[in-house]
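Participant: If you're matching them up, the sequences are chains A and B in order.
Just so you know, we're using our numbering here: the first sequence kicks off at 1 and counts up by one.
Just so you know, we're using our numbering here: the second sequence kicks off at 333 and counts up by one.
No lab work stands behind these hints: they were computed from the structure.
Remember, predicted model here, so these are calculated numbers, not experimental data.
Here a beta-carbon is modelled for each residue, glycine too, at the ideal position from N, C-alpha and C.
Any given hint might turn out to be false.
[Stated by the list, open to error] One side of the interface only, derived from the structure: several residues of chain B facing chain A at Cβ under 10 Å:
hint	residue
1	His452
2	His505
3	Ala507
4	Tyr668
[Said to hold, decoys possible] Label-pair restraints from in silico Cβ distances:
hint	chain 1	residue 1	chain 2	residue 2	range
5	A	Gly197	B	Glu374	47 to 53 Å
6	A	Glu55	B	Ala644	48 to 54 Å
7	B	Asn623	A	Arg56	26 to 32 Å
8	A	Thr127	B	Val539	56 to 62 Å
9	B	Ala644	A	Ala274	53 to 59 Å
10	B	Thr671	A	Pro61	49 to 55 Å
11	A	Glu55	B	Thr665	40 to 46 Å
12	A	Glu300	B	Glu377	36 to 42 Å
13	A	Gly231	B	Thr665	28 to 34 Å
[To be verified] Covered stretches of chain B, as calculated for chain A (at least 3 residues, CB under 8 Å):
hint	region
14	439–447
15	468–475
16	479–489
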Amino acid sequence: MDAMVRELSYAQAIQEAMAIAMDMDERVFLMGEDIGVYGGAFQVTGDLVERYGTERVIDTPISELGGAGVAVGAAVTGMRPIFEFQFSDFATLAMEQIVNQAAKMRFMLGGEVSVPVVMRFPAGSGTGAAAQHSQSLEAWLGHVPGLKVIQPATPYDAKGMLLAAVADPDPVMIFEHKLLYKMKGPVPEGYYTVPIGKADIRREGRDLTIVATSIMVHKALDAAATLEAEGIDVEVIDLRTIRPMDKQSVIDSVKKTSRLMCVHEAVKTLGIGAEVSAMIAESEAFDYLDAPIVRLGGAETPIPYNPELEKATVPQVPDIISAARDLVKGVR
Amino acid sequence: MAGAGKAVADSRANLPFVYRQYSAEQLKQVLYKMYLIRRFEEGAEESYMRGLIHGTMHLSIGQEASAMGICMPLGEDDQITSTHRGHGHCIAKGAEVKRMFAEFFGKTTGYCKGRGGSMHIADVAKGNLGANGIVGGGIPIAVGAALSSKMMKTGKVVVSFFGDGANNEGAFHEALNMAAVWKLPVIFVCENNGYGMSTSTARSTAVKNIADRAAAYSMPGVIVNGNIFSEVAEASYKAVERARSGEGPTLIESKTYRHRGHSKSDRNRYRTKEEIEDWMSNRDPITLFENELREFGFIDDKGIEAIRSGVAQEIADGIEFAKASPSPDVSETGNYVYTEQA
Numbered sequence: 001m002d003a004m005v006r007e008l009s010y011a012q013a014i015q016e017a018m019a020i021a022m023d024m025d026e027r028v029f030l031m032g033e034d035i036g037v038y039g040g041a042f043q044v045t046g047d048l049v050e051r052y053g054t055e056r057v058i059d060t061p062i063s064e065l066g067g068a069g070v071a072v073g074a075a076v077t078g079m080r081p082i083f084e085f086q087f088s089d090f091a092t093l094a095m096e097q098i099v100n101q102a103a104k105m106r107f108m109l110g111g112e113v114s115v116p117v118v119m120r121f122p123a124g125s126g127t128g129a130a131a132q133h134s135q136s137l138e139a140w141l142g143h144v145p146g147l148k149v150i151q152p153a154t155p156y157d158a159k160g161m162l163l164a165a166v167a168d169p170d171p172v173m174i175f176e177h178k179l180l181y182k183m184k185g186p187v188p189e190g191y192y193t194v195p196i197g198k199a200d201i202r203r204e205g206r207d208l209t210i211v212a213t214s215i216m217v218h219k220a221l222d223a224a225a226t227l228e229a230e231g232i233d234v235e236v237i238d239l240r241t242i243r244p245m246d247k248q249s250v251i252d253s254v255k256k257t258s259r260l261m262c263v264h265e266a267v268k269t270l271g272i273g274a275e276v277s278a279m280i281a282e283s284e285a286f287d288y289l290d291a292p293i294v295r296l297g298g299a300e301t302p303i304p305y306n307p308e309l310e311k312a313t314v315p316q317v318p319d320i321i322s323a324a325r326d327l328v329k330g331v332r
Numbered sequence: 333m334a335g336a337g338k339a340v341a342d343s344r345a346n347l348p349f350v351y352r353q354y355s356a357e358q359l360k361q362v363l364y365k366m367y368l369i370r371r372f373e374e375g376a377e378e379s380y381m382r383g384l385i386h387g388t389m390h391l392s393i394g395q396e397a398s399a400m401g402i403c404m405p406l407g408e409d410d411q412i413t414s415t416h417r418g419h420g421h422c423i424a425k426g427a428e429v430k431r432m433f434a435e436f437f438g439k440t441t442g443y444c445k446g447r448g449g450s451m452h453i454a455d456v457a458k459g460n461l462g463a464n465g466i467v468g469g470g471i472p473i474a475v476g477a478a479l480s481s482k483m484m485k486t487g488k489v490v491v492s493f494f495g496d497g498a499n500n501e502g503a504f505h506e507a508l509n510m511a512a513v514w515k516l517p518v519i520f521v522c523e524n525n526g527y528g529m530s531t532s533t534a535r536s537t538a539v540k541n542i543a544d545r546a547a548a549y550s551m552p553g554v555i556v557n558g559n560i561f562s563e564v565a566e567a568s569y570k571a572v573e574r575a576r577s578g579e580g581p582t583l584i585e586s587k588t589y590r591h592r593g594h595s596k597s598d599r600n601r602y603r604t605k606e607e608i609e610d611w612m613s614n615r616d617p618i619t620l621f622e623n624e625l626r627e628f629g630f631i632d633d634k635g636i637e638a639i640r641s642g643v644a645q646e647i648a649d650g651i652e653f654a655k656a657s658p659s660p661d662v663s664e665t666g667n668y669v670y671t672e673q674a
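I would like the entire structure built from these sequences, with the hints used as guidance.
Facilitator: See below:
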């Protein structure tokens, strides 16, 4: 029997996933700053504290390093914590526990433990929160073996990938773009998972592959709709997982379209687009390329406060359209 | 652990804590393990000099009473997090030296299958969640383990060992605060050996005693002479009772000294020969404990000799076991990064 499908926001989908995880497994609990009665800075935990109590929806002090470490310690000793960072920028305060401890503990101990911790990071710009509350740092963590790093782009994936993350025995870092929290989409009731490590072809096309992450998936789809009217048929791949990356889906797509563009909000230099581009250059798909690879990413600047400047620092739909036209026409 | 019989206990009424609390057999076992820690580290040092061990190591020679005293009241299910100077903690919590040697030699029979080495030595089955290469790194993890104990109602107590250097890390302060706010069954044990690498606590730390920090987190702060086994064990015993009964954490400052340098690269330029000599000659924890055991009639010279030769044999066997064990194959470099292999 098919589960009932409703329209839920991305934030509601995450909240529902956390509730299902807590219903299914008493080891699952939530930790984070102001996730209790406040409901979380972005109302993702909402009223879960009323349903599950303060012992399973734990407000932490403003102690990102210590809090992350507590989550790691609880995970290696049998619990299944879901730790919410109030903003992904605050990962910088907890890098020690994430990078040196969570990512490496299983390895350093020769497989004697696993670290089934889930960390959630509200990320990205567009809220006017300026330079210290708007970053996209997923590539930082994607560089660390031992971590899994995901970026769901839709409410359906947000729920299914969070449930997959909770079931995963290894540390999973989830980057959630803040502008997606209010986006609505179809979400089935009940339990389901969306696999970590599998990209999704959001739109099939013949002329150009756009590999996008998070909110850029939607911008790429908008651009593709415009480009279609001009006779340019774009394939949009939602990478969904940064580590481990689904290389084969991208390779197969590029072999079909012979053109590749990577689009992400994070700073372009040394970013995920660079990784995807290099991966294609090393693969059998390289011989199929008809044009140089194009990358669109964040400008080489902190995120500014002024709304016009803020928009200008990350790729927008017209930027994608323009770059796609040039790429297909062979301008570059 | 079982206490001594009542009649025996009465005759020991005026003796220090451990001689009232534990049987002669248990105390002899403590001496055995203190020697085991000392000789293990000497054996590791010698193996390093001979090129059998690479990397570096941080020896705790001179701190054996601290490791043994803190672990004395712990049960096998209780857990610890340890430090880069963690060989003593590992043995005190029940590890076998042959598997520790094997780890130091990088062999598959080592506790971490050769992936961790000295700085990440662990024995999860015995409750040692691991040494740590990051100063203060294990402290929040111990609080997390204590949170698990409370949430799962397992009754486990968790000890977090760290050094004086860690008391100036943010992780220490964040962890102590959370443990106190949530009344978690955790004991913070600062083994203050006087120096964070080369920098003395006098030059690095604003408070005179690290135990003074406990006041800021509303928990008992206890100072013990870390070289006197009974003092350490008594403080640990009380802290375990407090933690086990749900009253929350304790900070124990165990004042001690490392005879060796910080690591193998240390030239000991920041302390005098006289200072080191004084600690080695006059305050050696094994000598102090051995003298007490002898004085109180728990052991005689023959018994001590039996312990020393037993330890020597176990160390020799351990080194042979490590030498004879296989190294991991380079094709297995990627193992244990993730739970499911790609």
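Participant: Confirm or reject each hint.
Facilitator: Here's how the hints hold up against the structure:
no., hint, in the structure
1, His452, "holds, 4 Å"
2, His505, "holds, 8 Å"
3, Ala507, "holds, 5 Å"
4, Tyr668, "holds, 4 Å"
5, A:Gly197 with B:Glu374: 47 to 53 Å, "holds, 48 Å"
6, A:Glu55 with B:Ala644: 48 to 54 Å, "holds, 52 Å"
7, B:Asn623 with A:Arg56: 26 to 32 Å, "violated, 53 Å"
8, A:Thr127 with B:Val539: 56 to 62 Å, "violated, 42 Å"
9, B:Ala644 with A:Ala274: 53 to 59 Å, "holds, 58 Å"
10, B:Thr671 with A:Pro61: 49 to 55 Å, "violated, 31 Å"
11, A:Glu55 with B:Thr665: 40 to 46 Å, "holds, 42 Å"
12, A:Glu300 with B:Glu377: 36 to 42 Å, "violated, 50 Å"
13, A:Gly231 with B:Thr665: 28 to 34 Å, "violated, 50 Å"
14, 439–447, "holds (count 6)"
15, 468–475, "holds (count 6)"
16, 479–489, "holds (count 5)"
The structure fails hints 7, 8, 10, 12 and 13 (numbered hints given earlier, in ascending order).
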